[in-house]
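Student: Okay, so the sequence shown: first residue is 1 according to the UniProt record's numbering, each after it adds one.
Keep in mind that the hints were calculated from the coordinates and are not lab data. The structure presented is a predicted model; accordingly, all values stated were derived computationally and were not measured. No false leads were mixed into what you were given.
With beta-carbon atoms standing in for the labels, derived distance ranges:
| # | residue 1 | residue 2 | range |
| --- | --- | --- | --- |
| 1 | R97 | K276 | 16 to 22 Å |
| 2 | K157 | Q202 | 37 to 43 Å |
| 3 | A203 | T140 | 41 to 47 Å |
| 4 | K157 | K120 | 19 to 25 Å |
| 5 | I306 | S237 | 31 to 37 Å |
| 6 | S223 | K302 | 18 to 24 Å |
| 7 | R121 | S237 | 23 to 29 Å |
Straight-line C-alpha distance at most 27 Å; calculated BS3-like pairs for lysine-lysine:
| # | residue 1 | residue 2 |
| --- | --- | --- |
| 8 | K181 | K211 |
| 9 | K152 | K131 |
| 10 | K276 | K157 |
| 11 | K152 | K276 |
| 12 | K181 | K276 |
| 13 | K254 | K208 |
| 14 | K288 | K302 |
| 15 | K152 | K211 |
| 16 | K157 | K131 |
| 17 | K210 | K254 |
| 18 | K293 | K276 |
| 19 | K181 | K157 |
| 20 | K120 | K288 |
| 21 | K181 | K131 |
| 22 | K301 | K120 |
| 23 | K157 | K129 |
| 24 | K156 | K120 |
| 25 | K288 | K301 |
| 26 | K120 | K131 |
| 27 | K157 | K120 |
| 28 | K276 | K211 |
| 29 | K208 | K152 |
| 30 | K120 | K276 |
| 31 | K120 | K293 |
| 32 | K156 | K181 |
| 33 | K254 | K288 |
| 34 | K210 | K129 |
| 35 | K129 | K152 |
| 36 | K254 | K211 |
| 37 | K276 | K302 |
| 38 | K208 | K129 |
| 39 | K301 | K276 |
| 40 | K120 | K181 |
Glycine residues also receive a C-beta, built at the ideal position from the N, C-alpha and C atoms.
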Amino acid sequence: MPPPPLLPRLSPTPPPALRARNRGTGALPSPGGRGRQALLAVARARGKDEASFTDRILDYIEGGPKLRRWYGAPDLLPKDGGAEDEEAESPDIEEPRDAVLVTDGDSEIGQMVILALILKRARVKALVKDKRSTEEAFGTYVECMVGDMEDKSFTKKALRGVRAVISPADDGFFSEPIDLKGVEHIILLSQLAVYRNSGGLQAIMNSKLKKLAERDEEVVMASGIPSTIIRTGSLQSTPGGERGFDFTEGGAAKGRISKEDAATICVEALEGIPRKTLIFEVANGDEKVADWKAWFAEQIKKDEEIQ
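Start from the sequences and build out the full structure, keeping to the hints where you can.
Tutor: Take a look at the structure:
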């Protein structure tokens with residue numbers, strides 16, 4: 001059986017699996033010019049006669065009301081008044097908790113998570129360092145935020161309407177005390193297994209990242225919020241969806257995994273909320289997963305039986 005598609009399908013004509021073209025590109029700028037090249041860094045077509053995944057993403061973001069209705073996406077807010085005006089008028093208004101907050105949205109894997117969430121038709125909020133380039137890349141489908149989570153007022157704003165937090169990089173997001181009141185699920189991508197297995201000069205280079213990863217895991221597990229900690233092998237800038245997986249305990253320490261596959265697992269983890277904390281290791285391997293929702297349900301059940 002072939003592996004499942006890397007990302008969900010938008011339309012009756014499914015796009016090809018996500019493919020990388022230029023892995024050296026970082027942020028995703030404007031879809032109209034620089035952004036089109038940046039989106040090509042995350043996707044490419046399988047054949048010359050096949051509509052590229054990039055073009056489908058651009059259609060989704062740029063296509064206007066007709067395509068948005070076709071894909072089932074909401075209409076864009078008018079430029080002369082929108083969410084920011086309403087927020088200024090009613091800062092304490094209660095929003096439905098249906099958004100997913102992505103930390104480190106500027107990183108390559110953070111952008112991959114955002115793209116996967118857009119295709120899931122999720123409401124996305126992202127913490128970024130460069131708000132302009134991210135907004136140019138993703139348009140109004142992502143609410144980009146720049147600020148310090150140690151600032152209580154900013155934290156309240158960032159987490160307003162958020163049901164889940166995905167932290168796809170060892171950036172120390174949870175290293176400082178953060179009020180996560182109302183968050184229902186935390187998904188943490190961790191390379192702690194890789195850092196602990198490194199030696200010599202590599203161990204010295206990874207020492208800071210190791211401390212941040214350890215601290216993040218400690219805080220998440222102590223938060224009392226249902227959480228999923230995904231300990232991956234070394235993240236690689238290689239095409240996803242081509243290999244299966246290895247979930248063997250201890251396999252992540254020396255294993256490798258495509259960033260695209262890791263991003264997919266982060267988003268698929270939203271479908272399974274554990275009672276406490278689910279921790280598992282993953283690297284690329286031979287095991288195929290046809291149904292991630294069923295896979296997570298099985299892992300949560302096994303974990304609860306052990307506890």
